[in-house]
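Protein chains: 2
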Amino acid sequence: MKFTLECSLIFSKPLKDVDIDSLLQGSSDVLQRGAPKGQGARIQKLQLKDDRLELTITSGRYVRPHDALFRLKNLLASELGKKYHIGIRDTEAKSYLIEFELECEPKKDLEIIYAKKIDFKGKNCILLLEDLDEGFLKKNCVDRMISLIKEKIQKQYYEGKEEYWELIWSSIEKKHVWSKNPTEVMEERGWIMHRGRGQWIFGPIATRIIKTMEQIVVDELLKPLSVDEVIIPKAVTWDVWKKSGHAKNLYGEIYYLCPPKSRDPKQWEDVVDIYKITGEVPTKLIKEKIKDPIGGMSYAQCPPFWPYVAGKTLSDEAMPLKVFDRSGTSMRYESGGIHGIERVDEFHRIEFVWIGYPDQVKKLHKEIIKHYKHIFNEILDLEWRMAFVTPWFMAQEGLLDLADEKKEIGTIDFEAYLPYRGTRKDSEWLEFQNASNNGDKYPKGFNVKAKGSNELYSGCTGIGLERWLSVFIAQKGIDPENWPKEFRERIGTVPNEIRFL
Amino acid sequence: MKFTLECSLIFSKPLKDVDIDSLLQGSSDVLQRGAPKGQGARIQKLQLKDDRLELTITSGRYVRPHDALFRLKNLLASELGKKYHIGIRDTEAKSYLIEFELECEPKKDLEIIYAKKIDFKGKNCILLLEDLDEGFLKKNCVDRMISLIKEKIQKQYYEGKEEYWELIWSSIEKKHVWSKNPTEVMEERGWIMHRGRGQWIFGPIATRIIKTMEQIVVDELLKPLSVDEVIIPKAVTWDVWKKSGHAKNLYGEIYYLCPPKSRDPKQWEDVVDIYKITGEVPTKLIKEKIKDPIGGMSYAQCPPFWPYVAGKTLSDEAMPLKVFDRSGTSMRYESGGIHGIERVDEFHRIEFVWIGYPDQVKKLHKEIIKHYKHIFNEILDLEWRMAFVTPWFMAQEGLLDLADEKKEIGTIDFEAYLPYRGTRKDSEWLEFQNASNNGDKYPKGFNVKAKGSNELYSGCTGIGLERWLSVFIAQKGIDPENWPKEFRERIGTVPNEIRFL
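Order-wise, the sequence lines are chains E and H.
Each residue of the first sequence is one higher than the one before, counting from 1 in my numbering.
Each residue of the second sequence is one higher than the one before, counting from 1001 in my numbering.
In short, the hints are calculated from the structure, not lab data.
Check each hint, because a few of them may be wrong.
[Said to hold, decoys possible] Using 27 angstroms as the maximum straight-line C-alpha spacing, the simulated DSSO-like pairs for lysine-lysine come out as follows:
{"#": "1", "chain 1": "H", "residue 1": "K1139", "chain 2": "E", "residue 2": "K284"}
{"#": "2", "chain 1": "E", "residue 1": "K223", "chain 2": "H", "residue 2": "K1485"}
{"#": "3", "chain 1": "H", "residue 1": "K1121", "chain 2": "E", "residue 2": "K276"}
{"#": "4", "chain 1": "E", "residue 1": "K152", "chain 2": "E", "residue 2": "K242"}
{"#": "5", "chain 1": "H", "residue 1": "K1107", "chain 2": "H", "residue 2": "K1155"}
{"#": "6", "chain 1": "E", "residue 1": "K161", "chain 2": "H", "residue 2": "K1276"}
{"#": "7", "chain 1": "H", "residue 1": "K1266", "chain 2": "E", "residue 2": "K291"}
[To be verified] A short list of chain H residues far from chain E (calculated; beta carbon distances all over 10 angstroms):
{"#": "8", "residue": "T1056"}
{"#": "9", "residue": "R1195"}
{"#": "10", "residue": "Y1299"}
{"#": "11", "residue": "Q1360"}
{"#": "12", "residue": "P1480"}
{"#": "13", "residue": "E1486"}
[Claimed, not checked] Now the in silico label distances, taken between C-beta atoms and shown as ranges:
{"#": "14", "chain 1": "E", "residue 1": "T313", "chain 2": "H", "residue 2": "N1447", "range": "56 to 64 angstroms"}
{"#": "15", "chain 1": "E", "residue 1": "Y158", "chain 2": "H", "residue 2": "E1288", "range": "44 to 52 angstroms"}
{"#": "16", "chain 1": "H", "residue 1": "K1174", "chain 2": "E", "residue 2": "K266", "range": "37 to 45 angstroms"}
{"#": "17", "chain 1": "E", "residue 1": "N482", "chain 2": "H", "residue 2": "N1377", "range": "44 to 52 angstroms"}
{"#": "18", "chain 1": "E", "residue 1": "K152", "chain 2": "H", "residue 2": "N1447", "range": "53 to 61 angstroms"}
{"#": "19", "chain 1": "E", "residue 1": "H194", "chain 2": "H", "residue 2": "K1287", "range": "25 to 33 angstroms"}
{"#": "20", "chain 1": "E", "residue 1": "V177", "chain 2": "H", "residue 2": "S1226", "range": "26 to 34 angstroms"}
Idealized CB from N, CA, C, for every residue including glycine.
Please model the entire structure based on the sequences and the hints provided.
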């Protein structure tokens, strides 16, 4: 690694009659601090011009030149203040040249924001930055750029690779009552009605089925495992997504939330008048009158729960902490096209989150799967299977060790066969829920601690009710006569359809 | 009323050798059509210049000049096409002078979008518009501007007037167990946790209370009245708010929803890189990469149900149609400051909507109030009252006749006394829910019909669960020992608080 920084310290007035050399006497000690002997940063060039001290600072692995710059600034500031009543107004960097080694050769060229130039020679990367401000230098953005370049090159090696998928259990093949598309049939009958992009109204019959499924989850999974209900916000602010890791990706799938810049009706009078006169809502003008997004609608459902425990230490009696939420909708900007209620932009999910010591989390994960098996085999009588998959965030952040034979950390996808799609090829199965052991990701991200320095793990499982409905109707049809006895007993009398003339 | 329009028809090429006078021979008949004899529009001036026919058209109450213009256009178009192979490319209006009478004199000057000039002389208004395009003329925006000016002047007379409020029922004064602020106490105990602006996480105990209240509403109101559950979308698109009337106001209170312009991760790479390098989410850049708002988060909860019945004819057996929704959060950008869970930006409400013949709707409204009385008196044992109020939309749209002695159309607010606020002054009561008979507003807006030409009414009641919780804890405290027996039996064993070290 080699760093060369050309930078300046800017003073509150010209440094006349100031003996800069004597002021910088202690600088070589300062630039050496914390590094092995002789491996600290060095001042290669130094020139005083009126109110500016121009410096060229170099270093290897230890003491980055930008850190060195701030050490020099501190050293000078106190002396200048005391002796000459001069302050240091600003720091600037004209150029920053960084050479470092990569783990693997890039497969193709790379662009990265803030870089004036980026060149590769074999495994060597030469990065040039220009015109950097104090904030950029101070926040150590330079090291994060180096990490990001390394990450991008690693990704080049994974590009186009599918998600890791391994079958771990499968029910027997079953005979299904029909092979119709559940969305189409329910839509024809008026059980559901398509609205905006990936959005549906569920009428009384479809809702009754969904609510019966919800009750099954409560009675057969959540109550037996003593899971407490909580209400998790559905508007998710950036602070949450920074800690959950979602701020590192997913921007293309978020429905963003923007509050108005002002509540004052006077500020909205033009919008109102335009609408009243033209009959059209002036959405472009509205966009000018709303704030930058404060975040977006719930995506993964459990992250906005974590502030409730963030920064706290869980007592042993509280663990494993088990809570669930079913208080509202999540939204995803899904790919377009016709997917019916199998892939929707606005959906309803019961989310169950648990936090505990690693063995508690593993144990609970297994118990949860046992309860699901009972529900899908005995109550819903589905043809379904489980697969171990690499979750998006672990794949993207390199957190998952696929060599781990036990597959203890990771996600299990639950898939069901959709008869209308064909003959049991992989694409004819629908992932209708999952259950994850997320390891220490969330407790670390939100700084949740246990007694002593014991490690905490967490897990979550999201029950997608629209997908349960799809799968059930796809395999069991719409005639209650053909539904499994256990389900029929729970749903009771199905409500009437709304009659139109 | 007096209209003077200076406008042009623009042809696809210059009109050489065209006998324009003979082509316009039938024009006076055309401009007279539909008006009392001699009161149609008139051409005052007419001049052909190359590819333009410049016209000055005037009228009184009948046949607006812009309508006259399009009649002339049609008349000419067919003749010019047939005989000369010339088309009419465009229409333009250089100026439009409109004089009309107001119902009352303006109290102060008025500005209005699209107007070049607006002058008042007593009850007379002189409005000048310039440079109008074909769309503006065709969509009859001019008449809507006239209505809007009249509306704005009427509003000057109501400015600063309070909402109409009339007490219609009150429980006896009760003795309350304490006079503490429920939000503060619950927050101290960790029952609830404040998050973003007006947003809270509800822990296990607070959630259990809310869910018990929800079950009371189901058991004591919705089941006895045979109300079917439905699932109403929570992302509301403009088409809904246009028909429900919300597009006429409320812009200052909406949380707007903006989807990304693209799902492609390549398009978001700069945002991701900036975040990874600086640790800050670049919200300004994100705003550039999202679409104009498609609408916003649920505000009034019932409007997005209406597309399910829009344009349809309800059968007599289907009526009164009764549905309810509790599938997610609504959001309002509320005024800032400290209001605890009494005024929140993100909230949970059970919404019950009914549609039927006017007498069915009135009857149901009364039954609903009977059930509420039972809940608040016998189960929750609250000190509460009911008031007849003018709902915002009726006040703003002048739909409510306050002289109507029977007060059949309108809203009943349910208010409860908050002991911690003081001694029963009006400001010490909290509106915790309401019930409205909305008359024909929604069936008309969404074009829902009944057999024959019978009129339809609708009503709705929204049960705000955060407010129920506030009111209950404010009067009954947090110790279950002090809660009414009927409520204690329903809630069963209260869950443990989450224990932190």
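Tell me the hint numbers this structure goes against, listed in increasing order.
Structure breaks hints 9 and 15.
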